[in-house]
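Participant: Produce the complete structure using the sequences and hints provided.
Single-letter residue listing:
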Amino acid sequence: MEVSSSELDYKSSIDAPQSGVIELQNIQKVYDTGTIQVKALRGVSLRVERGDFVAIMGASGSGKSTLMNILGCLDIPTKGRYFLDGVNVSSLSQNELAHIRNTKIGFVFQSYNLVPRTSALRNVELPLIYGSIKKKDRHKMAMKSLKSVGLGKFAYNLPSELSGGMQQRVTIARAIVTDPAMILADEPTGALDTVSSAMIMQIFCKLSLQGRTIVLITHEPEIAAFAKRVVEVRDGRVLSDRRIVEVSSPPPNVSPDLVDQLSGATKNMATSP
Amino acid sequence: MISSIFENLVIAMQGIAANRLRAILTTLGVLIGVASVILLLAVGNGSSQQIQQSINQLGTNFLTISPGSNGFGALAATLGIGGRFAARIGTQSSSQELTMQDVAALENKKQAPDIKSVAPVVNASATCVTGDYSYSPSTFVGTTPAYEQARGYSMAAGQFVSSEDVTTRLPVIDIGQTVSAELFPGQNPIGQTLQCGRTSFQVIGLFNSKGTNGVDNLDSIIVAPITTIQAELSGFGGLSSITIEATSSSTINQAQAEATQVLMQAQDISSLANVDFSIANQASLLSTSTSTSKTFTALLGAVAAISLLVGGIGVMNIMLVTVTERTREIGIRKAVGATRAAVMIQFLTEAIVLSVIGGALGVVAALIGSHFKIDGVKPVIESWSVFMAFGVAVLIGLFFGAYPASRASSLNPIDALRYE
Ligand SMILES: Nc1ncnc2c1ncn2[C@@H]1O[C@H](COP(=O)(O)OP(=O)(O)OP(=O)(O)O)[C@@H](O)[C@H]1O
Ligand SMILES: [Mg+2]
Chain A
6 MEVSSSELDY KSSIDAPQSG VIELQNIQKV YDTGTIQVKA LRGVSLRVER
56 GDFVAIMGAS GSGKSTLMNI LGCLDIPTKG RYFLDGVNVS SLSQNELAHI
106 RNTKIGFVFQ SYNLVPRTSA LRNVELPLIY GSIKKKDRHK MAMKSLKSVG
156 LGKFAYNLPS ELSGGMQQRV TIARAIVTDP AMILADEPTG ALDTVSSAMI
206 MQIFCKLSLQ GRTIVLITHE PEIAAFAKRV VEVRDGRVLS DRRIVEVSSP
256 PPNVSPDLVD QLSGATKNMA TSP
Chain B
2 MISSIFENLV IAMQGIAANR LRAILTTLGV LIGVASVILL LAVGNGSSQQ
52 IQQSINQLGT NFLTISPGSN GFGALAATLG IGGRFAARIG TQSSSQELTM
102 QDVAALENKK QAPDIKSVAP VVNASATCVT GDYSYSPSTF VGTTPAYEQA
152 RGYSMAAGQF VSSEDVTTRL PVIDIGQTVS AELFPGQNPI GQTLQCGRTS
202 FQVIGLFNSK GTNGVDNLDS IIVAPITTIQ AELSGFGGLS SITIEATSSS
252 TINQAQAEAT QVLMQAQDIS SLANVDFSIA NQASLLSTST STSKTFTALL
302 GAVAAISLLV GGIGVMNIML VTVTERTREI GIRKAVGATR AAVMIQFLTE
352 AIVLSVIGGA LGVVAALIGS HFKIDGVKPV IESWSVFMAF GVAVLIGLFF
402 GAYPASRASS LNPIDALRYE
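Read top to bottom, the protein sequences are chains A and B.
Here this note's numbering is used: the first residue of the first sequence is 6, the next is one more, and so on.
Here this note's numbering is used: the first residue of the second sequence is 2, the next is one more, and so on.
Don't read these hints as lab results, they were simulated from the structure.
Watch out, some of these pointers could steer you wrong.
[What the hints assert, rightly or not] Pulled a few chain B residues facing chain A out of the computed Cβ check, cut under 7 Å:
1. Ala13
2. Met14
3. Pro172
4. Glu330
5. Ala336
6. Val337
7. Gly338
8. Ala339
9. Thr340
10. Leu412
In this text, a Cβ means the ideal position worked out from N, Cα and C, and glycines have one as well.
Facilitator: Set out below in structure tokens:
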């Protein structure tokens, strides 16, 4: 167990974003509620390599969601710098942030967050629509993405016609359809039963095997056990940072059966009309 | 930013389709607004055309002289408003009566070269009875043969009261279509007898239908020789009015001036201020009625515009509810990369689509509605009102959609995603 990315390590190299996908430099976030100032993040520095699978853990109120909003470019930090895929996003305008979210980040939320009364396919197409991708390409890309999570047959179903696990798979399909630099998941299995949770985690493992960068927020150790690296936050600070396996190696705890099954299912989907 | 208009429309239609009943009700508000603007303007327009038509029907170039300086008596007489009514106004406000001497003076071609013919008129009122039927015509006049042409009546059967009938005081009458239908249903009225007051009249003529002048039924009329009416019903007092026919419609103003001169001489009046009769002129009547019906149309249009405004507020109301309901969806869209402008356009398009559909259906409803008579008036749609109403509906969608759309676009994605 080693503490590899504490606040102090990065003070010296503050101006030089390395090859990491994510580079947080002394990020602070203060919520001004009018009466009191809530310091949700008190200086977080974190570097995530391309292809890493990071679990961020912490108790309630520790600042996980605040960190996730900043990582996801949904919010801007009060202080500090944030480089995503080489772009300094801490000083971008609202419209530029929207563009970054569109092209570089794939979100997976706890509560699925699919647009209701809209087919799975169209939900997956959504980021492509805002990215002004042509209709023909869009359809192809979304279909491919849905097939990769094993939902090729359910492309035209509405979210209300799908189970929770299936809806979460649609969300994952939507998150990866733009081929983002980072997949950001906030408690993705929080609302699911154990079987569906296992299925979702295998999909994340598969995405990791494909070389995608994943940041996953959870408070369940069993979920964090799939990650290559576990970062623990408390009171707005990084408490510990454990490297479980190397960035280049496959994620731990992958059941080879499930992977085979999944890729087999995907292959079947791909060949079916 | 979504570049394609088509893509915007697809998203808007999906949003609308998500809550069909609500969309239909909202659309209905705009529909009613647009349809009522078009239809009420058409009714106003139709009724003004109808009034002009019936004024033309009254006879093309005649003047009506009434005793008393109150212009309303002449106006009422010109319109042919019920004899009793006109007679009452005439006698009440007059000290100087119109007489047969005045008629003779007006017939003098030297003094009044532009007057073609002069018809004295006496109004009477009576209930007429035959067999089991009884009826009171709205107009019952005694007059001379000149009346027929001056007032533009034509015969469907029989003939008009003749000069001989006048000189011999024959109890003969001509009747309008309504009188015929009321008293002789399914029969030929010519040659039949009719008891009006204490006198028995023989029907010698039936007029062609003249319809209504917008105020009165012109077919509810009985015409008798003036002498007969004076002897039997009204007595030998002053005349109720004098109808004058000008030589042509272009000489009507000269005819009016001549008639004024002649009557002032005949009645020994030296100054225009002391004139104790009034002359109603076809042309002035037409312009009065045109301006009246314009006011009427504007009023109808204003009422309809209010309902269109209410429809617009309905659009705004529904869009505000929609934005609140779909806060989460807005959060999702923003999270996956929708800019403020894209969200704004989405909801604005939805509002405009609602009002365009409502507007288009409103135009269709108005076009269908215009085939029906409304309160006796055939609506006449003017094409500008269709374009105006539709255009205003679209603008209303834009205007009332702008606020909800800007509210949607300014939502913070984090709060929106957390919204339950
Ligand atoms: N919009 C806000 N305004 C004010 N304070 C806030 C706001 N959002 C979060 N906070 C505060 O910041 C701190 C960190 O909150 P955050 O939501 O990041 O915690 P968390 O780790 O996600 O907790 P949980 O596990 O309960 O989701 C908390 O004390 C919270 O009350
Ligand atoms: Mg949280």
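Participant: Hint by hint, note whether the structure agrees.
Facilitator: Hint-by-hint comparison with the structure:
1. Ala13: The hint is violated - Ala13 of chain B has no Cβ within 7 Å of chain A, the shortest such distance being about 13 Å.
2. Met14: For Met14 of chain B, the interface hint is violated, since the closest Cβ of chain A sits about 12 Å away, which is over 7 Å.
3. Pro172: Not OK, violated: Pro172 of chain B not within 7 Å of chain A, min 84 Å.
4. Glu330: holds, 5 Å
5. Ala336: holds, 5 Å
6. Val337: holds, 4 Å
7. Gly338: holds, 2 Å
8. Ala339: holds, 5 Å
9. Thr340: It holds, given that the least Cβ distance between Thr340 of chain B and chain A is near 5 Å, below 7 Å.
10. Leu412: Check failed: Cβ of Leu412 of chain B comes no nearer than 12 Å to chain A, outside 7 Å.
Of the numbered hints stated above, those contradicted by the structure are hints 1, 2, 3, 10, listed in ascending order.
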